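Peer 1: For what it's worth, the working numbering labels the leading residue of the sequence shown as 1, then goes sequentially.
Keep in mind that the hints were calculated from the coordinates and are not lab data. Hints are not guaranteed to be accurate.
Claimed, not checked - Simulated restraints, written as ranges between beta carbons of each label pair:
(1) D279 to A87: 18 to 26 Å
(2) N78 to V175: 30 to 38 Å
(3) T30 to G259: 28 to 36 Å
(4) N174 to A50: 17 to 25 Å
(5) D43 to S220: 33 to 41 Å
(6) T201 to V175: 13 to 21 Å
(7) S109 to T31: 18 to 26 Å
(8) T234 to S276: 29 to 37 Å
(9) A50 to D182: 33 to 41 Å
(10) A219 to G57: 34 to 42 Å
(11) A203 to V80: 26 to 34 Å
(12) G59 to S28: 19 to 27 Å
(13) D26 to G212: 17 to 25 Å
(14) P113 to L27: 20 to 28 Å
Predicted model, so just to flag it, every value in this text is computed and none were measured. We treat Cβ as the ideally placed atom computed from N, Cα and C, and that holds for glycine.
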Amino acid sequence: MFSNNLLMASAGSGFPNAALIDVLTDLSLTTNLIICLDAGDADSYDGTEAAWQDVSGNGHHFNRGTSSSSEDIDPVFNGVAGGISNAEYFESDGDAEDNKNEDQFVLASGTKPSAIEDMHKDGALCSLIVGYKRGEGSGAWCCFKTNQNSPVYGAGFGLANNGTLALFVSGTNNVALSATTDDTLDVTVGHFAGLSIDEPTGAGGGFFYADGDYLQVSASDTWDATYSSPSSGTALETPRLFAYPLGHYSPGYFSMPNGAQANFFALWSGSVLTKSNMDDIYARMKGRILV
């Protein structure tokens, strides 16, 4: 059974709503868990703090906005602290003053942990999951990113303009790896999405995931995760969540689209999740997605 934070069973899931960290603990999926953020878990966000607290135990907290102070430009919390339902999420108003540094999350320490730094380097092993809704308007934005302007050094995972999922890994002024899904996701509803990169495996080492299924790339469930001429340099961007835009040469200082929502986020580095692992998490977390 889940250790705590149980609520009534969500419609159609067969599982009680629970905090993400409790789900991962129950499934024995906390090994190499680097970041775990959950808008519905009061331990992760109490409704008033200026930071989204990492409950993985690693202390990788993310500021709402670019500073440790609460400001009008921060993503807005919706719901009840500790509500653990699909009503708890952060939302963007899409009204970026001067088009920068609003409605996003920035690593509070300002120091990039080595486990995050390794994501764009040779031998990368990483997976992530995210609960989100894209929101209105155009533009491609990142659920997670460490890349910036040339020279870029870093990685970005997010949503392209048309609702596809995309990954960009940047080396020294080069594209080390890019992949975009064939299928698109409805931008008007929430989704549970995932990514897994096993760079040493190469062929078949990468996959995208959404709402219980693979999202294919070039008509294949998996794709070649080999990095071409990867950089060993430091990622130039302080890690950001739910920042715009997405790409290899992407400053990452614009706001998310109006109505974009962030429910939860988790990142593993040093090992990878399988599709079966993501299926297990999705089965327990899909009641936390607003559809």
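Peer 1: Can you tell me whether the CB distance of D279 to A87 sits inside 18 to 26 Å?
Peer 2: 25 Å, holds
Peer 1: Range first: 18 to 26 Å. Now tell me if the beta carbons of S109 and T31 are that far apart.
Peer 2: Once the Cβ atoms are compared, 23 Å apart, the range 18 to 26 Å for T31 and S109 holds.
Peer 1: Does the Cβ distance between G59 and S28 fall inside 19 to 27 Å?
Peer 2: 22 Å, holds
Peer 1: Does the Cβ-Cβ separation between A50 and D182 fall within 33 to 41 Å?
Peer 2: 40 Å, holds
Peer 1: So the hint says 30 to 38 Å: do the beta-carbon atoms of N78 and V175 match that?
Peer 2: 37 Å, holds
Peer 1: Falls inside 17 to 25 Å, the C-beta gap from D26 to G212?
Peer 2: Holds, at about 19 Å.
Peer 1: Look at the Cβ atoms of A219 and G57 and judge whether their distance stays inside 34 to 42 Å.
Peer 2: 40 Å, holds
Peer 1: Is the hinted range of 26 to 34 Å satisfied by the C-beta distance from A203 to V80?
Peer 2: This hint is violated: roughly 47 Å between Cβ atoms.
Peer 1: Range first: 13 to 21 Å. Now tell me if the beta carbons of T201 and V175 are that far apart.
Peer 2: With a Cβ separation near 20 Å, T201 and V175 satisfy 13 to 21 Å, so the hint holds.
Peer 1: Given the hint of 33 to 41 Å, is the C-beta distance from D43 to S220 inside that range or not?
Peer 2: 39 Å, holds
Peer 1: Taking the beta carbons of T234 and S276, is their distance inside 29 to 37 Å?
Peer 2: Holds, since T234 and S276 (Cβ atoms, about 34 Å apart) stay within the stated range.
Peer 1: Is 20 to 28 Å right for how far apart the beta carbons of P113 and L27 are?
Peer 2: 23 Å, holds
Consistency note: the structure conflicts with the earlier hints numbered 4 and 11.
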